[in-house]
Every structure is written in C-alpha cells, then in structure tokens.
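Visitor: These are the residues of each chain, in order.
Number of protein chains: 2
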Amino acid sequence: MDKMGAESGNNTPMRRISESTIRRLSVYYRQLAILESEGYHTVSSKELARREKLTPAQVRKDLSFFGSFGTRGLGYPTTELKAKIAGILGIDMVWHVALVGAGNIGSALASYKEFAKQGFEINSIFDNDQRKIGSNHRGITIEDIETLPQALKKHHIEIIVVAVPASQAQKIADIAVNAGVKAILNFAPINLKVPPDVVLRSMNMSMEMEYLSFYLCNRHKIDVPGKG
Amino acid sequence: MDKMGAESGNNTPMRRISESTIRRLSVYYRQLAILESEGYHTVSSKELARREKLTPAQVRKDLSFFGSFGTRGLGYPTTELKAKIAGILGIDMVWHVALVGAGNIGSALASYKEFAKQGFEINSIFDNDQRKIGSNHRGITIEDIETLPQALKKHHIEIIVVAVPASQAQKIADIAVNAGVKAILNFAPINLKVPPDVVLRSMNMSMEMEYLSFYLCNRHKIDVPGKG
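Same order as they appear, the protein sequences are chains B and G.
Our numbering numbers the first residue of the first sequence as 1 and each following residue consecutively.
Our numbering numbers the first residue of the second sequence as 1 and each following residue consecutively.
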C-alpha cells in the first residue's frame, strides 16, 4: 500500500489512519460496553475521554474520521455508537480463522473465548505432529500442516494465527500469503516478512518481558516510558 | 516518574528513552544471535540496519544511548555487543516471576520455554480454583490466590504475569503493587491502572485481532498501517 497517497477506485485520495487511532477504537468499544452495562443511554466525548485518560478533542477527532456521530450537547447514543464502532472494526461479522501450531500457546488460543465472542472463529487447526493430526480439539479435527495450502482455500480462511516455533514461522506465513490470506496474528518470537498488502500483528511475549526487565534495571537512571 | 525532567541522585537530568528504542534493542539482540550463529565475528551498523529495515544512523543512535560500542570502520564485535545489550535489557540475570491465573493461557505461559531461556523464571503460580490449588504444574505447586500478598514478598517476586479474567485483573494488580511489585505483564483484556513507578505491558490478543479485521474491512478505503 502506497503510504504517500494511494488512491481508491473513485479517484479520491485515500485517507491515512494511524495505528493508535485504530487501537483507540478498540478501547472506545470496550468502554461503551461498560457504559451500556452501567445503564448510560448517552455518553459525552468528555466522559469517554475522562474514562480513558484522553482529551475530548482526541475522542471527537478519532470518531469524526468515520463520519458524523452524536449530537452537540447531547453526546453520543451509547448502544448506537458501540454498534457503529463494531461495524468499523469488523467485529459485527464472522471471520474464518485458522490456527497453525497446536502446542501449548496454540492450544490455549484455540480455547480462548474472547476470540469467538468477537466473531473470530477458529474453525481449523494445523500441526505437524503425527500424534496430534486427526485428533479432536474442542470439536475441531487437527489437520496435517502439509495440507495447509489447499485447506486455507477450502475453508475460506481470512486470518491465520501463527503459533509454531520461530524456525517454522516464516514458511507458514509464506504459504498463507500465497494462498491469499491477508491477515496474520503471529505468536512466534521472530519478525515475519510479508508483502505490503498483508497486515501482520505480532505478539512477542519475550520482548514484552524484556521491556519489563529493562525498566527494572534502568528506572533509576533513565526516564523510561512505563505504561504499555 | 516525572516525564518533564526527573532527576537522578547525582543531580544530572535523567535522559529520556523512547519505547521504540527499547523495542529495537530486543530486535538487535535477536539479530545479533542470528549473526553469531552464522559465524560473523563483527557486524556493521549498515548490515544490522539492512537486516532490520532500519537506517544505519538509527542503529548507531540507539546504541550510542548506552555508551560507545564498536570501532569506526570495523563495526561492532558481534558477541560482545550481544552481551552488552543483554546487560542493558537485564536478560543476563534471573528474574523471579509469579504467574497469577492457571487457566488455558496461564498454563501455556507457565510452559513457555522462551521465558526461562531469557532468565524469566516463573517459580510460583496462583489460582483461585480449589481443584487446582496444591496440584503440581511442571514442578511448581499451585498456590491459593488468597495468599498472594504474603507469597509475593516471600518469593521475592519482581514481575507478575496476570492471566486471570478481566473482572479479577485490577484486584490482582493492586495486590501486587501493594506488595512492592514494579513490573506487570497483563494478558487480561482490560486496561489496568497502576502508579507511575510501575511498568505495565499488556498483551491484548482480542485488540490485535480487531486490528486485523479493521484492516480487512477498510484496506480498500483507508490507508491503514499494515505491519505490526
């Protein structure tokens, strides 16, 4: 994707959105769910900002990116705004997710209820361990990783979760990219390389731990940003 | 910590370091391990930069923050630089880590070999499930979460990993903070609140998934930063 000014089909320049705006949409969505459960029918940008330690201007700017919400003086209707953000984030639909790697982390992810709640349905699992292939994990039969290229297409997989050892992860990413998968969530402790039209998010637990130990070692010497 | 100009004991102003610099130190460390395994005795900032798609100036700037490394024209000695960075990151020592929550994710983390490799030793595990308390997980007896305040001190815990449900996570963080813990790795899907002298990193897997679905929904309409 051309960051300098890619164009959409109708020749209007594509607007750029920052990673932190997308992240804040997820945060607003969660806060709106809390507000809803607390019985608030409307919420002001001021209150939403206060709860997330942001400025009201930031909240309004983030939301205005996606059109006009709310009424001046009345605030945003809670349930409606939550539904709008769900639509923007794409969590009002079902996604076909494949998990590659059924080790400790992979198996835990396959059982992670938060994913299913948001429409991320892990409906296929792959491994290279002959003792695991063909066995059943919570209703899903573990498939042979060798069949990945065909299976990704057959199951219409849109997102893959990579939970294989670091040494295998790039090979898996390449197979997925070749099969047309455009979104990868990576748990292997390695920087994967993917083409610019593929979105990759990496969860590097070791690096997060290193951030903590760095802080513990240096906090009296260096001004370290603390909160993650 | 005062971001505007905290002072260290000797009255020299504390230098600030960015989150991305710390992250890149982890990346350099991993790349140096690869270079070492490939037999390179020295490496130039240019080569390190090329492998991580950074500029040589960026590499030199990051490393110069921690003192003077390498020799102009000769590059950095691979093994020595790797050891220096390990020291800076604090992964050349053993950290006492407690895991709170022995569910699917928690159990997987307790078995995660990468942590132990880098000196993060999970040597105590806590849960509130009576069926789990007292049972053995890979040599560690699961303790009652009710004993957490005393146990954190008794085991000299420096880092806690929070893998409890969202509704319990803030309570656990508060207990840890009160017990003097200064570093928290959080897997619960909630924004924890901690004092400014406590470092918190959160692994929000659902939010990362939402980033992917956002991208898949909007990539033809909006210029979305792809790589994580």
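The set of hints was computed from the structure by calculation and includes no laboratory data.
Note that the coordinates shown come from a computational prediction; the quantities given were computed from them, not determined experimentally.
A few of these clues could be false.
Said to hold, decoys possible - Think about it this way: if two alpha-carbon atoms lie no more than 30 Å apart in a straight line, the pair counts; the simulated DSBU-like pairs of lysine-lysine are:
1) Lys221/B <-> Lys154/G
2) Lys113/B <-> Lys154/G
3) Lys193/G <-> Lys113/G
Visitor: Going through the numbered hints above, which ones does this structure break? Give me the numbers in ascending order.
Guide: Violated: hint 2 alone.
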